[in-house]
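A.B. asks: Residue-level listing of the chains:
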Amino acid sequence: MKPQAVFIPVLATLCACSSLTIKNVDYGWPVESVLPVGSDDRVEDRRYSITFDARELAVAEFQDSLALKGSTLRLLRSAEGFYFITGRNFKHVYVFEQGSHELSLMRQIQVSQTPLKAPALNQRPPHVELIDGAGLRLLLTSGGIFEEEKK
Amino acid sequence: MNRFGLVLALVVSTSALAQQSDYAIKRAFEEGAKGLKGAISEAASLAVLDSLRDEITRLENEFVVHRDFLDRALYPMTFSETLAELRALHLNHYDRTYLTQSRGTRITELEAQVSLLTLRLDSLAAERDSLFRQLRTARKSTSSLRQTSRRLSATLRARDRLIFTLVDSLFLPYGKNIEEASYLEKESLSRRIEQADLLGHIFEIATDNVRFLELTELEPRDYAGVIGLYQQFSSRWEGLRDGILEVSSSASAVAGEKRADEAGHPPATAIDSVMALWESKLHALFWNRLRGEFTDRSLQLAPFGNGAEFSKSIEGYVGELREQDKDPAVFVNDVWKLRIDREWRSALSNDIILGRAEYGRLDSLVSELAQKKFDREFILFSLVLLAIVIAVWWFFVRTPKRPAAAQQKSE
Chain L
354 MKPQAVFIPV
364 LATLCACSSL
374 TIKNVDYGWP
384 VESVLPVGSD
394 DRVEDRRYSI
404 TFDARELAVA
414 EFQDSLALKG
424 STLRLLRSAE
434 GFYFITGRNF
444 KHVYVFEQGS
454 HELSLMRQIQ
464 VSQTPLKAPA
474 LNQRPPHVEL
484 IDGAGLRLLL
494 TSGGIFEEEK
504 K
Chain H
2 MNRFGLVLAL
12 VVSTSALAQQ
22 SDYAIKRAFE
32 EGAKGLKGAI
42 SEAASLAVLD
52 SLRDEITRLE
62 NEFVVHRDFL
72 DRALYPMTFS
82 ETLAELRALH
92 LNHYDRTYLT
102 QSRGTRITEL
112 EAQVSLLTLR
122 LDSLAAERDS
132 LFRQLRTARK
142 STSSLRQTSR
152 RLSATLRARD
162 RLIFTLVDSL
172 FLPYGKNIEE
182 ASYLEKESLS
192 RRIEQADLLG
202 HIFEIATDNV
212 RFLELTELEP
222 RDYAGVIGLY
232 QQFSSRWEGL
242 RDGILEVSSS
252 ASAVAGEKRA
262 DEAGHPPATA
272 IDSVMALWES
282 KLHALFWNRL
292 RGEFTDRSLQ
302 LAPFGNGAEF
312 SKSIEGYVGE
322 LREQDKDPAV
332 FVNDVWKLRI
342 DREWRSALSN
352 DIILGRAEYG
362 RLDSLVSELA
372 QKKFDREFIL
382 FSLVLLAIVI
392 AVWWFFVRTP
402 KRPAAAQQKS
412 E
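Residue numbers (the working numbering), protein chains in the order written: chain L, 354 to 504; chain H, 2 to 412.
Each hint should be verified, as a subset may be incorrect.
Stated by the list, open to error - With a straight-line cut-off of 30 Å between C-alpha atoms, the simulated DSSO-like cross-links for lysine-lysine are:
1) 35/H with 470/L
2) 313/H with 282/H
3) 422/L with 35/H
I should point out that these hints are in silico values taken from the structure, not numbers from a laboratory.
Could you put the whole structure together from the sequences, leaning on the hints where they help?
C.D. replies: What follows is the structure, given as structure tokens:
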């Protein structure tokens with residue numbers, strides 16, 4: 354038997370394995386998690402088993418690595434699998450993509466000129482809804498603000 | 002009621018937020034359910050519990066529009082499961098409060114009585130231990146042995162009486178028909194039975210009675226009392242057994258609690274075994290001792306080990322005496338009349354041994370044997386007496402009379 358006769362089917366199988374994709378996965382959480390930032394600046398969600406350090410987020414939003422200590426963050430995973438994070442006094446919603454031991458910033462969406470007072474994230478597939486009291490309601494996607502794009 | 006007020010406030014206040022923040026809806030429902038749980042647990046009257054039942058319905062109606070969302074958002078329970086848990090808790094507490102209100106006073110009194118009886122049982126157990134020790138060491142003197150044995154017997158009887166007073170105190174508030182009691186009543190009774198260690202005490206008392214039989218040598222007259230004690234204890238246990246099992250199984254099934262034996266208490270089957278041992282030992286000692294009454298006087302009766310065999314043996318021996326025309330004096334007078342009828346009749350007349358009617362029948366049978374001998378002696382005596390009378394009469398008749406003419410002449 355020629356070496357090519359063995360090699361080609363094996364290669365074909367490997368290629369087939371690497372291209373296996375499960376479609377229509379819904380990563381969406383039914384409700385946002387409201388998580389305290391601990392004294393060590395770490396955030397932990399026990400229900401969804403995710404833990405991360407909030408210092409870099411604090412630097413990005415407030416230019417102060419300790420600004421989030423003792424505060425709460427609102428975290429919601431969209432149906433696509435992106436993490437939307439915001440909090441009180443934030444002007445942005447941060448959209449992160451999950452990587453190997455990391456969350457990579459996909460987009461920093463400016464949602465207000467003034468700090469948010471009581472923000473909340475709702476799952477509204479295919480969007481994520483941001484509300485701030487009765488005054489603000491925005492539909493967000495991983496690419497930005499949906500309504501603004503529509504306009 | 003402050004907590005209850007807080008629950009209402011939370012439910013009302015979240016109505017406004019309900020259309021905005023999903024998290025707020027979830028939290029409001031969770032806080033509402035938590036507040037109601039607390040309010041139910043703290044409620045001390047049926048009136049409060051009635052209003053809380055309405056509040057559960059109000060909470061359900063308030064959030065039912067979010068059912069799908071809450072089913073997903075609540076974790077680990079769903080919307081329906083949370084409400085079902087609340088309703089189960091409410092029902093449980095309602096029944097408990099009802100029981101306490103309706104029978105509370107009586108139960109409190111009886112609980113105090115149960116505590117007192119348990120204490121007295123424990124103190125009698127200490128006395129019993131001391132008497133058992135004395136019984137082992139007092140073997141030298143017969144009189145002291147007898148005295149210790151009597152004191153021990155009295156202590157055991159007192160414990161028997163106490164345990165069933167304890168049983169009455171435990172069961173009384175729930176009425177006689179325990180099967181019809183609610184599962185909460187059964188649970189409550191089961192807890193009291195465990196607290197009083199009822200099965201433990203019954204097991205201990207039955208075991209003590211077996212030990213007592215092993216260590217003491219009873220006099221014939223003592224057997225009637227000992228048999229009566231066994232009979233009474235056994236019938237009370239039979240009556241109690243089903244009730245305890247009914248209560249224990251229902252309560253365990255509902256509450257998911259440990260079974261009696263798992264909790265360290267002896268199971269009912271262990272008590273059954275000790276009762277069987279008590280009965281067999283009692284019977285063995287009794288019939289062995291009774292056989293001794295005959296063998297001690299060298300009477301060769303057929304061996305017996307129970308009532309039926311005893312009857313057969315006596316009938317056989319009476320028949321043998323008749324057939325062989327033997328002198329029944331020892332059997333009838335020395336053994337039956339002096340020993341059996343005087344010392345053993347009371348025990349033999351007990352239904353679990355021989356029964357009154359059967360004893361009467363055997364006694365007549367033996368008495369007929371004595372009667373037959375009596376008749377024979379009487380006839381003999383009568384014949385001898387008649388012979389003497391005839392002899393005397395003949396003596397006077399043959400005495401020669403003086404002639405009437407000579408008599409007149411002398412006058």
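A.B. asks: Identify every previously stated hint that the structure contradicts and give their numbers, smallest first.
C.D. replies: none
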